[in-house]
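> Here is what each chain is made of, one letter per residue.
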Amino acid sequence: MSKDMSEETSRAGTASDARVVQSGGGLSIRGFGVTIIRVVIIGGFLLLWEIASGRWIEPFLISSPSRILSSLFTGFTSGDLIQHTWVTFQEIAIGFPAGAISGIALGYWFGRSRLLAEIFEPIIIALNGIPRTAVAPLFIVWLGIGLWSKVGVVFLLTFFLNFFNTYTGMRQMDREYIDLARLMGVKGWKLTFKVIFPAISPYVFTGIRTSIPFAVIGAIVGEFVAATEGVGFFIRMSAGIFKTADVFVGIIILMIMVIVMDRIAEMIEKRALRWQTQTEHIQIQA
Amino acid sequence: MANTAIETSQSTNPRNHPVIQVENVSKLFRTPSEGTISALQSISLNVPHGEFITVVGPSGCGKSTLLKLIAGFSPPSSGRILCQNEEVRGLNTKVGYVPQESKLFPWLTVEQNVGFGLDSRRYPREKREHQVQQFIKLAGLAGFEKYYPAQLSGGMSKRASIIRALAYEPAVILMDEPFGPLDAQTRMVLQDELLKIWEQKRQTIVFVTHDLVEAVALADRVVVITHRPGKIKDIINVPMERPRNIFEIHRQEGFDEAYGRLWNIFRHELNIGTH
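Chains as they are written, first to last, in the working numbering: chain A, 1 to 286; chain B, 1 to 275.
Think of the hints as simulated: they come from the structure by calculation, not from any bench.
No false leads were slipped in.
Chain B side only, calculated, beta carbon under 7 Å to chain A, not exhaustive:
1) Leu91
2) Tyr97
3) Pro106
4) Trp107
5) Ser120
6) Arg121
Within a straight-line C-alpha distance of at most 20 Å, the following computed SDA-like cross-link-like pairs (lysine to any residue) qualify:
7) A:Lys194 to B:Leu108
8) A:Lys190 to B:Pro106
9) B:Lys201 to B:His17
10) B:Lys127 to B:Ala142
11) B:Lys201 to B:Arg221
12) A:Lys187 to B:Leu91
13) B:Lys233 to B:Leu212
14) A:Lys194 to A:Arg271
15) A:Lys190 to B:Arg122
16) A:Lys187 to B:Lys103
17) A:Lys243 to A:Ile82
18) B:Lys68 to B:Ser78
19) A:Lys194 to B:Pro106
20) B:Lys146 to A:Arg274
21) A:Lys194 to B:Arg121
22) B:Lys103 to A:Ile178
23) A:Lys194 to B:Arg125
24) B:Lys127 to B:Lys137
25) A:Lys190 to B:Pro124
26) A:Lys194 to B:Thr109
27) B:Lys68 to A:Asp174
28) A:Lys270 to B:Ala150
29) A:Lys187 to B:Tyr123
30) B:Lys146 to B:Gln134
31) A:Lys194 to B:Tyr123
32) B:Lys103 to A:Arg175
33) A:Lys270 to B:Pro106
34) B:Lys68 to A:Tyr177
35) B:Lys146 to A:Trp275
36) A:Lys190 to B:Tyr123
37) B:Lys137 to B:Thr109
38) B:Lys68 to A:Arg175
39) A:Lys270 to B:Leu108
40) B:Lys146 to A:Ala272
Glycine included, every Cβ here is placed at the ideal spot set by N, Cα and C.
The whole structure should be built from the sequences, with the hints applied where relevant.
This is how it looks when you write it as structure tokens:
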């Protein structure tokens, strides 16, 4: 009676009857069309800008793509621009990771310790209510007009975004994962890094990625307030003497900075959250 | 805590010595309106080594609460629970837990999930690999080792969730209505697989369900818990032969009798008379 069981035991999920459905395929033609239209729009805009400049609108107001391009070229060949970019990069390269790591760490600790959260939560929320760029002059007073005051502003702007996202992650996290892991004998730093951080990692990455543009804003605001070099300083100085093309050059550099940082973060995120992103593309039917 | 020497204590224990002793346990919950609800009242129960015991009762009767107490997620309001002769205080790392939803760690592959409990128990590398592979094969998940939980069907993640708890060989495995949300066919297939695995490994299992057929089909003994306050109404022996054929469990000798007794208790419980 139990011998014919193997026939009845229709396993609902052996390798053969799982179909892997992958998206893609028919999208390529549409994707190509989208790219063409995008290029046409951007090209048309640049062309219109070029034509308008000097004919309908004063060049010192809006400059022109060709002028910006040549300014960019001379700026980089003279080495000036490289120095400014390097300075701003340094401010971000120190302030951003420091702010992100402290924000994540504090968010984590608040999530772990109810007491800590109870004591400090209102304080943090109050501090968060301060428009942070308004604090920039204070940092100049405290840390001078050099590198460190800007690092301070970058830190501040990065810190809160990372803190709030991580803390939200800690509160939203499914506690059952922790209970299960602890039941399986996991504790201490292993619990932190093998269970809690993976569980909240989508929130952590959201924090990191949203804080990237703000880190750049922090550096620029700091340089606007008081500085002797840096892209923000370069923009302010250029605007002051109506070198509009140079202002645009500065803006373009900042834009590229944000895009590059975001791309790097995105790459890391995709790798780290592979378990999550894969589900969007592959679906198993068993 | 003392989560060492599980294997040795298992092998030195005489077969019939209880692994779990629930002694006169009650659990009260505070309601938002400052009252108290008695979820469990004076529960006493011994679970001998290697037994498959099911706990059935109407929903909300506190049967899941009993599991949570054994796992040490929260302490009993009175009475005590012993696991391998040691009182359960705080999380009980001697038990494995299969929650209602699969709750596989979504950031780990099937393989890593199944091996998760083995890592903190210092299994030697080869034994670990062997153990993980063996359970994956037993559960019919061969070929899916590298898949992430989000890529699995409901039945598959349920299997993975069960073997995750079985693989590191805890003294007792607690299962909280693991097949509840599945469709009838998948459910039967999984019950069948669970029994097959259990027949090979003979691990002690406490299985909570609200399904009377499931309760009888799987168990050596069925514990019946009444609705609030949750008390043990009866414990029914199911002397059915093993291995059992889940798919034709109704035809197996002893099923009707055990099921009939169970249903009788429930009929009174539900107050629906004989019609």
